[in-house]
Amino acid sequence: MKVSLGWLEELVAVELSPEELVERLTMAGLPVDAIERHGTFSGIVAGEIVALEPHPNADRLSLCTIDAASRGRLRVISGAPGLAVGQRVPLAFPGARLADGSAVEAVEIRGVTSEGAVLSEKEIGLSEVASTVMRLAPDAPAGSDLADVLGTADTVLDVDVTPNRGDCLSILGIAREIAAITGTRLRPKRARLAETAPPTGDRIAVAIEAPDLCRRYVARVIAGIRVAGSPRWMRLRLEALGVRSINNVVDVTNYVMLERGQPLHAFDLDRVSGARLVVRRAGADRTIRTLDGVEHALDPDDLVIADAERPVALAGVMGGADSAVGDATRDVLLEAAHFLPAAVRRTSRRLGLRSEASYRFERSVDVEGVPSAADRAAELFARLAGGRVLAGHVDVYPEPWRPVEVSVRATRVNALLGTGLAPGEIAHSLRRLNVRVATGGRGVFACTPPSYRGDLAREADFVEEVARLYGYGAIAETLPRAALRAPVDSGLRLLLRRVRELLVGAGAIEMINQRFTSSDWNRRIRGLAPPGCGPVAIVNPMSSEASELPLSVLSGLMVALQHNVRQGEGSVRAFEVGRVFWTTGQPECEERRVIGGVLYGRAPAAGVGEDPREESFEDAKGVLERLFEGLRLSDVRWTAETIPPFLHPGKSASVVRAGDRLGHVGALHPDVQAATDLERPVWAFEVDFEKLASYALPPVAFRPLTRYPLVVRDLAVVAEESFQAQGVLDMIAAHPELLVESVELFDVYRGAPIASGKKSLAYSIAYRAGDRTLTDDEVNALHRRLTETLVSGLGVEPRA
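According to my numbering, the sequence shown is numbered sequentially starting from 150.
Keep in mind that the hints were calculated from the coordinates and are not lab data.
Be aware that one or more of the hints could be misleading.
Stated by the list, open to error - With a straight-line cut-off of 25 Å between C-alpha atoms, the simulated BS3-like cross-links for lysine-lysine are:
| hint | residue 1 | residue 2 |
| --- | --- | --- |
| 1 | 338 | 271 |
| 2 | 770 | 907 |
| 3 | 770 | 800 |
| 4 | 151 | 338 |
| 5 | 770 | 908 |
| 6 | 907 | 840 |
| 7 | 151 | 271 |
| 8 | 800 | 907 |
What the hints assert, rightly or not - FRET-style restraints, in silico, Cβ to Cβ:
| hint | residue 1 | residue 2 | range |
| --- | --- | --- | --- |
| 9 | 182 | 335 | 19 to 27 Å |
| 10 | 622 | 695 | 37 to 45 Å |
| 11 | 825 | 922 | 52 to 60 Å |
| 12 | 629 | 547 | 21 to 29 Å |
| 13 | 718 | 894 | 42 to 50 Å |
| 14 | 737 | 541 | 34 to 42 Å |
| 15 | 541 | 300 | 30 to 38 Å |
| 16 | 499 | 900 | 51 to 59 Å |
| 17 | 441 | 551 | 35 to 43 Å |
| 18 | 934 | 809 | 30 to 38 Å |
| 19 | 360 | 312 | 46 to 54 Å |
For every residue, glycine included, the Cβ atom is placed at its ideal position computed from N, Cα and C.
Produce the entire structure from the sequences given, and follow the hints as far as they go.
Written as structure tokens, this is what we have:
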């Protein structure tokens with residue numbers, strides 16, 4: 150926010166130097182990024198033409214003798230018309246810099262030396278007019294600096310305003326701060342209007358159909374204006390603050406916006422159909438052409454200002470071209486309003502339209518200051534454009550602002566700040582901010598902030614204001630007293646640490662992704678969310694890519710995987726321990742902590758000289774098996790039942806223990822894979838951490854080492870392609886009399902001589918008795934009985 154010191158001094162006495170003022174503002178929470186000098190002209194003074202004669206060698210040139218008093222006289226050659234003896238004009242000495250950056254030099258023209266230059270407004274940088282030399286006031290003292298003659302010299306501060314201080318995005322707002330900081334009195338400008346008949350309500354009607362997005366709308370009519378250029382003083386002020394001068398109508402709205410922080414918009418009243426404005430959602434209206442000549446597509450929820458036929462403005466963002474003020478405009482309809490910051494921000498960002506108005510509306514404007522801003526603009530319209538201000542204004546205000554009273558305790562102020570301020574000092578500081586303070590008993594104040602300070606809503610906010618005005622530098626530096634002790638690791642923290650160690654040990658890296666996702670990813674990957682549950686939407690999302698809370702951590706991992714692959718990574722094995730959310734339509738949402746992971750590309754080499762291979766289902770399942778083994782989680786089953794829709798039905802499995810579904814693992818479904826730009830298959834897993842925690846790390850039971858040896862036999866069976874290897878493990882577990890200590894699947898084979906549609910499964914089976922050494926005959930008998938049990942119970946065939 151650029152602030153003119155000359156403008157400020159009209160509203161508050163500034164008795165500090167610019168450097169001192171910058172220091173005070175910075176320490177009060179309004180840092181100043183730069184100090185700029187404007188309106189100064191090096192080497193340019195006011196000069197009086199004392200002699201004028203034709204150039205001896207050029208018919209269209211004049212030879213002027215110009216007196217600069219104590220700075221001497223210069224002979225200057227000029228071709229500008231209308232020059233006369235006695236006129237005061239800007240005189241540039243050799244070395245002076247012009248607005249375009251060029252330097253004035255003494256030059257010879259047709260055999261005569263021109264010792265300087267007389268300048269136009271364009272060459273000085275005051276306007277675009279370049280056809281004639283600028284005329285100064287007849288009483289301008291010759292030899293005086295041009296900046297002193299024109300009164301253009303000004304100092305501009307570039308103030309860095311934080312998003313919560315929208316009240317400081319104006320000259321008046323900064324003036325209020327200076328008055329509070331320095332204790333000087335504020336001198337706000339009050340509009341003085343000479344109103345004429347008919348009443349404004351006879352010319353225009355206003356309705357608000359979206360009161361949740363527009364709290365207040367004020368309309369004024371100024372009739373009989375003349376669109377022309379703005380006076381120099383207004384152009385200079387606008388341009389010093391970075392706003393280009395357009396014409397007196399547009400400039401007035403910008404001027405009042407900079408002065409009071411209230412954006413305004415001027416409509417050509419004759420181009421408003423039906424003499425009626427409605428503040429509503431766009432609804433079925435599809436497009437609007439804005440002042441920049443661009444046609445924009447409307448969202449049904451965009452807030453617009455519409456007449457009887459069409460939208461004529463994007464509320465708080467930009468006006469429409471069809472109702473814009475032009476050279477032929479005679480009657481102006483002036484808008485001043487308060488729009489919901491979130492609505493303006495959403496439309497502005499979606500369309501990529503940023504304006505000074507939207508910047509202020511997004512940070513909220515003073516709802517009680519809307520009418521006074523409209524009055525101030527109407528006053529300037531009458532003064533600068535010759536308009537007649539119609540009587541009164543239309544003010545639609547569905548729910549008037551109600552002050553909020555906050556209790557502030559002196560003891561709490563001193564406790565938070567480490568000060569010993571008396572209650573009277575605290576109350577005095579707050580009153581300097583125009584806070585209404587009612588003193589209660591025992592140092593408790595009932596504080597009501599002014600309408601423009603919407604950021605003061607809690608006791609801590611008022612404490613911060615006391616600190617700002619008291620001065621951070623005046624608060625004594627003290628070290629906090631605290632008992633230092635090491636944090637106690639809870640069982641949950643230890644388990645989380647162990648999970649991370651095990652997954653890193655399995656070759657995966659941990660990722661920490663954004664806790665928001667898009668609706669597209671939530672639709673594709675629902676994770677562990679129960680049927681019938683939906684995603685939790687963000688009320689005010691930063692973008693469409695972060696509009697919902699995630700149903701699965703896999704959505705964030707997939708975005709990160711895509712980014713890594715685009716950066717040239719050919720192999721990614723990653724995991725995340727994060728939170729997921731879903732709702733059943735109730736105000737409260739369900740929150741769960743889950744473990745998710747993805748495997749993509751080449752698997753880590755098993756050893757030196759090993760050929761690279763692609764990640765597979767066995768690799769993804771192996772990562773989980775290593776995790777479960779490290780957490781001493783036993784009796785885990787892998788089943789093809791209840792596979793989630795986002796996983797491939799033939800290359801996935803659910804993880805179940807004691808009938809409780811812990812998670813799933815497998816390849817992404819082809820439809821989900823197709824929605825990415827990944828060429829290789831993605832293997833993913835997700836496990837409910839809270840369920841895992843309820844089973845993991847059971848008490849360790851020790852037993853003596855057995856003295857009897859283990860006997861291992863291999864068994865291969867032929868089964869249908871759809872047969873699950875887990876069935877063999879379950880069948881063996883159901884027959885403890887077979888003395889099987891452990892079973893391991895070590896090979897799956899398809900191809901000749903195995904028939905088509907079938908596969909061979911090879912298991913390593915270990916037998917051991919706890920009370921004796923098994924003989925070969927006993928092991929052979931047990932192995933035979935086991936084979937018969939599998940054949941009869943599962944319908945498999947032994948492979949020779």
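Status of the hints after comparison with the structure:
no. : hint                  : in the structure
1   : 338 x 271             : violated, 32 Å
2   : 770 x 907             : holds, 22 Å
3   : 770 x 800             : holds, 11 Å
4   : 151 x 338             : holds, 20 Å
5   : 770 x 908             : holds, 20 Å
6   : 907 x 840             : violated, 36 Å
7   : 151 x 271             : holds, 24 Å
8   : 800 x 907             : holds, 16 Å
9   : 182 x 335: 19 to 27 Å : holds, 25 Å
10  : 622 x 695: 37 to 45 Å : holds, 40 Å
11  : 825 x 922: 52 to 60 Å : holds, 57 Å
12  : 629 x 547: 21 to 29 Å : violated, 48 Å
13  : 718 x 894: 42 to 50 Å : violated, 32 Å
14  : 737 x 541: 34 to 42 Å : violated, 49 Å
15  : 541 x 300: 30 to 38 Å : holds, 36 Å
16  : 499 x 900: 51 to 59 Å : holds, 57 Å
17  : 441 x 551: 35 to 43 Å : holds, 38 Å
18  : 934 x 809: 30 to 38 Å : holds, 33 Å
19  : 360 x 312: 46 to 54 Å : violated, 25 Å
Of the numbered hints listed earlier, those contradicted by the structure are 1, 6, 12, 13, 14, 19.
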